[in-house]
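Line by line, the protein sequences give chains A and B. If you count by this note's numbering, then the first sequence holds residues 1 to 195, one letter each, in order. If you count by this note's numbering, then the second sequence holds residues 1 to 195, one letter each, in order.
Any given hint could turn out to be false.
[Stated by the list, open to error] In silico DSS-like pairs for lysine-lysine, Cα to Cα no more than 25 Å straight-line:
id : chain 1 : residue 1 : chain 2 : residue 2
1  : A       : LYS157    : A       : LYS171
2  : B       : LYS157    : B       : LYS170
3  : A       : LYS195    : A       : LYS93
4  : A       : LYS170    : A       : LYS142
5  : B       : LYS157    : A       : LYS195
6  : B       : LYS171    : B       : LYS142
7  : B       : LYS90     : B       : LYS195
8  : B       : LYS93     : A       : LYS157
9  : A       : LYS170    : A       : LYS157
10 : A       : LYS90     : B       : LYS90
11 : B       : LYS157    : A       : LYS93
12 : A       : LYS171    : A       : LYS142
13 : A       : LYS195    : A       : LYS90
14 : B       : LYS157    : B       : LYS171
15 : A       : LYS157    : B       : LYS195
[Claimed, not checked] Which stretches of chain A does chain B cover? Using the computed rule of at least three CB atoms under 8 Å from a CB of chain B, they are:
id : stretch
16 : 46-58
17 : 175-185
Rather than coming from a laboratory, the hints here were simulated on the basis of the structure. Don't be surprised by glycine CBs; every beta carbon is placed ideally from N, CA and C.
Protein chains: 2
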Amino acid sequence: MSKISRMSLTLILFAVPALILALGQAPAKVPFSPYVGADGAVSVPSDFRASWVHLGTWIVTSQAAAGPEKSGTSHANGIHGVYTRAESLKAYKETGAWPDGTVLVLEVRPVQWDDLPTGHIMYAGDATEISVMIKDRANRFKNHPGWGDGWGWALFKPSNPRANMSTDYKKDCLSCHEVARDSDFVFVQGYPAVK
Amino acid sequence: MSKISRMSLTLILFAVPALILALGQAPAKVPFSPYVGADGAVSVPSDFRASWVHLGTWIVTSQAAAGPEKSGTSHANGIHGVYTRAESLKAYKETGAWPDGTVLVLEVRPVQWDDLPTGHIMYAGDATEISVMIKDRANRFKNHPGWGDGWGWALFKPSNPRANMSTDYKKDCLSCHEVARDSDFVFVQGYPAVK
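Let the hints inform the model, and build the full structure from the sequences given.
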């Protein structure tokens with residue numbers, strides 16, 4: 001057997017099994033988002049605080065005087081921080097629209113107080129709630145109660161970032177976000193990163 | 001001339017001028033930070049909102065009752081957002097110390113109010129002040145009034161990100177940051193990204 005024939009044989013012996021392995025592991029198709037399952041289930045990105053950009057902060061200090069049914073403590077009371085990926089923010093600033101697959105993560109943290117030389121201070125305690133919105137321009141999950149109006153919507157306890165507590169986005173999410181419909185349900189007027 | 005000799009000659013003809021060009025353009029030495037001049041002058045990074053991570057938010061709603069000289073409105077009143085580069089945050093979380101060259105940017109924005117279905121809301125208006133801290137483990141600018149205690153300190157109006165308004169960090173910066181000396185002058189207890 002010549003030297004070249006021996007090299008070819010060696011190549012075939014290694015390459016063919018490697019190719020079979022690779023094909024067996026290849027996904028059937030490219031998924032829409034790493035945070036959306038084939039059934040439309042949404043999960044919380046794990047690394048948003050450490051690597052995403054911050055759109056802005058909202059502080060909800062009291063219940064709105066919107067009628068007697070609004071009395072009591074809102075689950076939204078606290079300091080809200082909103083995060084997204086840098087490339088989504090860049091695209092929004094360039095085009096005025098959130099690109100398909102944009103992920104917005106909103107954390108709610110209770111207000112902590114302190115008196116420092118700077119003044120009477122509010123800062124954020126441990127997160128109590130995380131909301132996720134995922135931009136869906138293709139209306140991918142038509143009969144899913146967590147998807148509609150151009151977004152996927154989900155609500156989590158930080159301790160369980162895969163268990164969406166929302167059963168109906170129209171009830172659980174639009175109750176607050178409806179008033180921001182003209183800006184695609186996002187409160188951009190309060191986001192320094194967008195201005 | 002053999003084929004190999006011709007290849008060597010070609011390589012030399014291209015490589016030698018390229019090397020000369022590269023050496024001619026090389027900087028005399030690597031600068032400490034892109035935001036610090038040779039004289040210790042600090043400037044505001046231009047891209048922190050669009051590409052850096054956000055450490056956390058502090059809200060200063062009133063003056064501390066620290067004595068009669070503290071009455072009146074503090075220039076620090078407002079919503080404070082603090083940003084750094086992702087790699088600096090990663091290093092801090094791994095080691096418990098800010099690496100040399102770490103840049104912290106703090107924006108102060110006045111509180112805006114709104115009444116929304118979510119509740120009575122505070123959000124951030126246009127920035128009125130930007131502070132910059134740059135970690136300096138080598139005590140590089142010994143007699144500079146903006147450098148000391150392991151940091152470079154500077155204070156800007158957003159309209160002029162190169163004109164440091166602080167003339168003495170001990171007076172202009174430590175008046176608030178002294179109480180955080182045990183955590184290297186950084187109020188890490190309020191930073192969700194650090195927790």
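Against the structure, the hints:
1. For the hint linking A/LYS157 to A/LYS171, the alpha-carbon distance of about 18 Å falls within 25 Å, and the restraint holds.
2. Taken as a hint, the B/LYS157 and B/LYS170 pair is honoured in the structure, with Cα atoms around 19 Å apart against an allowance of 25 Å.
3. As the CA atoms of A/LYS195 and A/LYS93 are separated by approximately 9 Å, the hinted pair is consistent with the 25 Å bound.
4. As the CA atoms of A/LYS170 and A/LYS142 are separated by approximately 14 Å, the hinted pair is consistent with the 25 Å bound.
5. Taking the CA atoms of B/LYS157 and A/LYS195, the gap is near 17 Å; set against the 25 Å cutoff, the hint holds.
6. Taking the CA atoms of B/LYS171 and B/LYS142, the gap is near 17 Å; set against the 25 Å cutoff, the hint holds.
7. For the proposed pair B/LYS90 and B/LYS195, the alpha carbon gap of about 12 Å is at most 25 Å, so the pair holds.
8. At roughly 24 Å between alpha-carbon atoms, B/LYS93 and A/LYS157 fall within 25 Å of each other, so this suggested pair holds.
9. With a C-alpha separation of about 19 Å, the suggested pairing of A/LYS170 with A/LYS157 holds against the 25 Å cut-off.
10. Straight-line distance between C-alpha atoms of A/LYS90 and B/LYS90 comes to about 23 Å, which keeps the hinted pair within the 25 Å bound.
11. With a C-alpha separation of about 24 Å, the suggested pair B/LYS157 and A/LYS93 falls inside the 25 Å cut-off, and the hint holds.
12. Proposed proximity of A/LYS171 and A/LYS142 is supported: the alpha carbons are some 17 Å apart, at most 25 Å.
13. Only pairs whose Cα atoms come within 25 Å are accepted, and A/LYS195 paired with A/LYS90 is accepted, the gap being roughly 12 Å.
14. For the given pair, B/LYS157 sits about 18 Å from B/LYS171 by alpha-carbon distance, which is consistent with the 25 Å threshold.
15. Restraint check: the Cα-Cα separation between A/LYS157 and B/LYS195 comes to about 17 Å, which is no more than 25 Å; the hinted pair holds.
16. Remark: the stretch 46-58 of chain A is confirmed as covered by chain B, as 9 of its residues place a Cβ nearer than 8 Å to a Cβ of that chain, reaching the required three.
17. Chain B is given as covering the stretch 175-185 of chain A, and this holds because 4 residues of the stretch bring a CB closer than 8 Å to a CB of that chain, at least three being needed.
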